[in-house]
Amino acid sequence: MVSMESGLPELDEILRKRKRRNWAVAGVLVAFVVIVYLVSLVRMGGG
Amino acid sequence: MSRLTQEVALSGAAVEWQPSGAAVRDYIALLKPRVMTLVVFAGVAGLVAAPGELHPLLAAVAVLCIAVGAGAAGAINMWYDRDIDAVMTRTRMRPIPAGLIEPAEALAFGVVLALFSVMLLGVAVNWFAAGLLAAAIVFYVFVYTAWLKRRTPQNIVIGGAAGAFPPLIGWAAVTGEVGLDALLLFLLIFLWTPPHFWALALYRQSDYAKAGVPMLPVVAGKAATRRQILAYALLLFPVALGPALIGTAGLAYGAVAAAAGGLFILLAWRVLKEHDDRSARSLFGYSILYLFVLFAMVIVDRGGALIGPVVW
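So the sequence lines, in the order shown, correspond to chains A and B.
For the first sequence, the working numbering assigns the number 1 to the initial residue and increments by one for each residue that follows.
For the second sequence, the working numbering assigns the number 1 to the initial residue and increments by one for each residue that follows.
Derived from the structure by calculation, the hints contain no laboratory data.
In this text, all values refer to a predicted model and were calculated from it rather than measured experimentally.
Please note that the accuracy of each hint is not assured.
[As the list claims (entries may be wrong)] Cβ pair distances, simulated, as ranges:
hint: 1; chain 1: A; residue 1: Ala31; chain 2: B; residue 2: Ala220; range: 43 to 51 Å
hint: 2; chain 1: A; residue 1: Leu8; chain 2: B; residue 2: Arg25; range: 21 to 29 Å
hint: 3; chain 1: B; residue 1: Lys210; chain 2: A; residue 2: Asn22; range: 37 to 45 Å
Yeah, the Cβ is synthetic: ideal placement off N, Cα and C, and Gly gets one too.
Isolated chain B (complex conformation) (with noise of 0.2 Å):
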């Protein structure tokens, strides 16, 4: 029994009560904010790429939609990985590990945003770009968290598959659909994924050992690992361009592309001479970025579509 709750005993309440001490930022904290801007930026090209207008303030409300779903998304998976979050260096301070947010208040706060999110979307935008945000949801809690994560080196490759939704929900959101600009959109991120994370398991592999995590460097080892980053990296290029070979995007877009693939490589290809840390760190902060530019290259060249008319 803690202090606080030994003087409340004593102060004459007559059942033990243990009080929450989460600030509002730790709320904040669970939805994994960090991640919520790429997503929410994801979410905005797929938005502005698709053919189609849609009113500024749905426009807005599916974004809002998007970020609330994908931070809850976390919450629930961060609820689910409590245990070895607290192992791990990286993970050891955030809400549930550090004690300043219970369990089934995480998971409570998860929960309800994600329905909220979904349903919102839903009735303010359509059905079909609701359905989708709630089956990135499942997935990313389902597949990847509670499934693959903990059994298989291959969990983020799969896994990837629920942070590429987010231009297919904007996508959805003003056409109804998904056309196969959004799949490309869609893969983009999905062969993003591996070596972003490789490339940080790469530096972090003891703290995934310790807690048992099976990434590629900790089951296939360090040199198995930069060779796969370096074919994901050859294989991101091509799909990279197929935005502006399509017609998604313009040829500012195409250019960037290829020069940002381009340097992609490279850095992977360092990975694989360097054996070191830092070329990893490099690596993993680089294609943070790489993602942003290319989004945004891809809201630039189409920035006119989510400026439609407004009809009130």
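Only chain A is shown next, with the shape it has when bound in the complex (with noise of 0.2 Å):
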């Protein structure tokens, strides 16, 4: 696994940002994809 280290701590504290925002931006679309299911399931059950 390649390190995320920079050595500039302001480059780093960057890196460390944008690797949050991925993992919220994944969350977002799980959940998105989650919620499709979920509506799909209560409009075809007629709900």
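These two chains come separately, so use the hints to put the complex back together.
Here is the structure:
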């Protein structure tokens, strides 16, 4: 696994923030898929 | 060129690269979470007050879409108003003027969320409610933000309609239409908006003047604004009683609306008579509580409607 450390404190902080943003985006996308899946179940069930 | 950009350039990058330093909380700030709370509350009140039933999951999706749609409109508003936000003390620490998020990034974020919320509401619940959400976003962005805000002291009177949409959307999510009851909830927020924002503008007058935003105290003066605040408080009183009179809410709501409305008028009267920032601040703070309490009472009075039989 490649380290994210660049040796530049400012850049390291930005990379950390980017990593957290990527996780947040991934979380939102997964939540979206789950919502669409559940909505489909409800709609197809006539609810 | 910043030290970081220079160092990246020196390290061999072919193109000058300015990485974004925005954190997740900066994107959340773009969505105006405090405004979103009130919007969600009003949307839930519309959902609960509406006759009929909606599957709890679809109701939750409807509330999510209203919240995200409102947040998206807020993000686009911050993109458009970034020049005046940088001038005003109250808004200069917002993510764009603070340099945390690029304007284009904020615009893209807002547009994507707006499309997402409208499409999801349409697919999951119904397209009438989705159309109302789209109308609210369009009204807020184009009519209020881009057209009225910098041109007329009536900006928040007409523009206030955008903020009054959530109970309509909640109602439409359940019924697929908009009735008199829902329009009354719309009117409640519509008439509440001017005294709420004018109370703020009374003690932030210099901020608005500096940014060139023609809020009523800047254009017509504080005395005229205080009279207008009292006039709207008096108009608001019977409208707030309306849901109890036509049966959207019960007696408990009516009693609370009468007491809360009376206090609203009293505070507006104090603003007129005392001529100080303290009374305006009190009214501003109270106006937020007032709307929360009224919608909470609608929810309490009609609480059973949302929790219908679950049909999987």
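Going through the hints against the structure:
1. A:Ala31 x B:Ala220: 43 to 51 Å: holds, 47 Å
2. A:Leu8 x B:Arg25: 21 to 29 Å: holds, 23 Å
3. B:Lys210 x A:Asn22: 37 to 45 Å: The hint (37 to 45 Å, Cβ to Cβ) holds, given that lysine 210 of chain B and asparagine 22 of chain A are roughly 39 Å apart.
Violation of the numbered hints given earlier is absent; every hint is satisfied by the structure.
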